[in-house]
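Note that the protein sequences, when read in sequence, are chains A and B. First residue of the first sequence: 3, per my numbering; consecutive thereafter. First residue of the second sequence: 19, per my numbering; consecutive thereafter.
If you are wondering where the hints come from, they were derived from the structure by calculation, not from laboratory data. Incorrect hints may have been included.
Unchecked claim - Computed spacing ranges between beta-carbons, pair by pair:
{"no.": "1", "chain 1": "A", "residue 1": "Arg114", "chain 2": "B", "residue 2": "Leu63", "range": "37 to 43 Å"}
{"no.": "2", "chain 1": "B", "residue 1": "Ser29", "chain 2": "A", "residue 2": "Leu221", "range": "58 to 64 Å"}
{"no.": "3", "chain 1": "A", "residue 1": "Lys171", "chain 2": "B", "residue 2": "Met109", "range": "35 to 41 Å"}
{"no.": "4", "chain 1": "B", "residue 1": "Glu60", "chain 2": "A", "residue 2": "Leu221", "range": "49 to 55 Å"}
{"no.": "5", "chain 1": "A", "residue 1": "Ile5", "chain 2": "B", "residue 2": "Pro70", "range": "53 to 59 Å"}
{"no.": "6", "chain 1": "A", "residue 1": "Asn7", "chain 2": "B", "residue 2": "Thr91", "range": "37 to 43 Å"}
{"no.": "7", "chain 1": "A", "residue 1": "Gln51", "chain 2": "B", "residue 2": "Leu63", "range": "51 to 57 Å"}
{"no.": "8", "chain 1": "B", "residue 1": "Lys172", "chain 2": "A", "residue 2": "Lys39", "range": "40 to 46 Å"}
{"no.": "9", "chain 1": "B", "residue 1": "Ser29", "chain 2": "A", "residue 2": "Lys224", "range": "44 to 50 Å"}
{"no.": "10", "chain 1": "B", "residue 1": "Gln197", "chain 2": "A", "residue 2": "Val120", "range": "39 to 45 Å"}
{"no.": "11", "chain 1": "A", "residue 1": "Gly88", "chain 2": "B", "residue 2": "Lys172", "range": "45 to 51 Å"}
As the list claims (entries may be wrong) - Partner residues aside, some chain B positions facing chain A, computed with beta carbon under 10 Å:
{"no.": "12", "residue": "His23"}
{"no.": "13", "residue": "Leu24"}
{"no.": "14", "residue": "Leu26"}
{"no.": "15", "residue": "Ala54"}
{"no.": "16", "residue": "Thr62"}
{"no.": "17", "residue": "Thr86"}
{"no.": "18", "residue": "Lys87"}
{"no.": "19", "residue": "Gly145"}
{"no.": "20", "residue": "Ser147"}
{"no.": "21", "residue": "Gly183"}
{"no.": "22", "residue": "Lys187"}
{"no.": "23", "residue": "Gln192"}
Ideal Cβ placement from N, Cα and C applies to all residues, glycine included.
Spelled out, the chains give:
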Amino acid sequence: MRIINTEAVVPVIRDLAIKACYELDDNVIDAYRKALKKEESPYSRDTLQLLIQNAEYAKKEQIAVCHDTGTAVVMMEIGQEVAWEGKSLIDQINEGIRQGYRDGYLRKSIVRDPLDRVNTNDNTPAVIHTEIVEGDKVHITVMPKGGGSENMGSFTTLVPGEGIEGVKKFVLDSVKYAGGKTCPPIIVGVGVGGTMDYCTFIAKKALLRPIGQRHPKALYAKLEEELIEEINKMGIGTLGMGGTVTALDVHIEYYPCHITALPVAVNLQCHSSRHASAVI
Amino acid sequence: MKEYHLSLPLSKEDVKDLEIGDVLYLTGYLYTSRDAAHKRFEQTLAAGGELPIDFTNQTIFYAGPCPTKPGRTMGSIAPTTSMRMDRYVEMTFKLGITAMIGKGDRSKYVADLCREYGGVYLLSIGGASAIISNQVKACEVVAYEDLGTESVKKLYVENLRVIVGIDTKGNVFQDREIQKYRRI
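Just chain A, same shape as in the assembly (with noise of 0.2 Å):
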């Protein structure tokens, strides 16, 4: 058993939302930089050439790559040997969070209640995420998600025999409708299976995949192929200003459902991917 005082992830978290908000991963940059390549609209060119110069002066000055800091999605992967003393362990999360958003000049977007909207100005409370996974050790990492991209996902059951094509349809539609809503080039992270709360967070968790690796199972590997491929087709473009590149990647999560169901859900990710890990 390793205890951990809960105050530990305080500057942890602190610092992962100023790092994820001021860095962009060079896998996202070097991501931009393969769109440019292919991209044939000297519009979107343009653009992108403007997000790489956007994100390589963000680092440098410690300034937000975007002005939307987002909401602070955490999520943490507990290892079932660890067992937690001193206050609790969410508020300390939101105390790490209150803390950077506040040191790092990160905009402060959430209000207190959805219907009569409050700013809680200091971007609390975080949505958070925790796992038990094997270990000693906890895994965090802080994501913090845009309003642009996170508004268009989707979600729908399908019935077991639409199968892989009812799949491809339900996410492709997903994103024509979104359209240069959520900020494109995007990353498209879909949940397969589950029920329908496990289904949208394996869709989150799909889009901290880094850009370009595949899924191991052939079968995923091959559909996130033939998704990009479509998607790219829809002319939709950097920012919905046209293009032939609309998706940077898509990362597709599956997990074991019920007899009755094909559950599908469609997380979007703006360009601007932000997320940064660290472990205790």
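Following the hints, complete the assembly by docking chain B onto the known chain A.
Just chain B, lined up with the frame of chain A:
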């Protein structure tokens, strides 16, 4: 791509001959306003009140910036999704605005309103927020400070680069461009 350097405010005459896809570099004052401030304008007008700003010939930038870091002029700033403000376009045209700056496609009726009122929708680059912050030279909160990032701010911009998204004839830039690259 035709390029123009224009001074703000823009009159209806200034924008009448602009065409979709034209690249503009804007210099002068404009106002930020997004969901919450637009809603407050609407509520104020419905209650017979007066707005804190005279919008005649003004440009509204749909944006909510990051706080400004010490030593810098402006926090990261870029447009938000315009579609959420579609419901307020007619109200703001009636108040006298000439242009809206945002990102993304809009409802069909926004193009009709641009034609009817002789206004334009301009596209800035969503998420290029660090670079765009350099094109803002001054920022002052002029209304609804309690809304935080969503307050109404008066910005002085210098060579703010935008692309004409909907012109006064109601043409839509994205419709034209996406058509060129659609393969299915």
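Range first: 49 to 55 Å. Now tell me if the beta carbons of Glu60 (chain B) and Leu221 (chain A) are that far apart. Hint holds: Cβ distance 51 Å, inside 49 to 55 Å.
Does the beta carbon distance between Lys172 (chain B) and Lys39 (chain A) stay inside 40 to 46 Å, or does it fall outside? Hint holds: Cβ distance 41 Å, inside 40 to 46 Å.
Evaluate the given range 35 to 41 Å for the C-beta pair formed by Lys171 (chain A) and Met109 (chain B). holds (38 Å)
Pairwise beta carbon distance, Ile5 (chain A) to Pro70 (chain B), judged against the given window 53 to 59 Å: For Ile5 (chain A) and Pro70 (chain B) the Cβ distance comes to about 56 Å; the hint holds.
Would the stated hint for Leu24 (chain B) survive a check requiring a Cβ distance to chain A of less than 10 Å? violated (19 Å)
Status of the Gly183 (chain B) interface restraint (C-beta, 10 Å, chain A): Holds, because the Cβ-Cβ distance from Gly183 (chain B) to chain A comes to roughly 9 Å (cut-off 10 Å).
Is the interface hint satisfied for His23 (chain B)? The criterion is a beta-carbon contact with chain A at less than 10 Å. Interface hint status for His23 (chain B): violated (17 Å vs cutoff 10 Å).
Does the nearest C-beta of chain A fall within a distance shorter than 10 Å of the C-beta of Gly145 (chain B)? Holds, because the Cβ-Cβ distance from Gly145 (chain B) to chain A comes to roughly 4 Å (cut-off 10 Å).
Closest C-beta approach of Thr86 (chain B) to chain A relative to 10 Å, hint status: Where the cut-off is 10 Å and the nearest Cβ of chain A is about 7 Å from Thr86 (chain B), the hint holds.
Lys187 (chain B) was flagged as interface toward chain A. Is the shortest Cβ-Cβ separation under 10 Å? violated (19 Å)
Tell me if the beta carbons of Gln51 (chain A) and Leu63 (chain B) are separated by a distance inside 51 to 57 Å. For Leu63 (chain B) against Gln51 (chain A), whose Cβ atoms are near 42 Å apart, the range 51 to 57 Å is violated.
Taking the Cβ atom of Gly88 (chain A) and the Cβ atom of Lys172 (chain B), is their distance within the range 45 to 51 Å? holds (46 Å)
Of the hints listed earlier, those the structure fails to meet are numbers 1, 7, 9, 12, 13, 14, 16, 22, in rising order.
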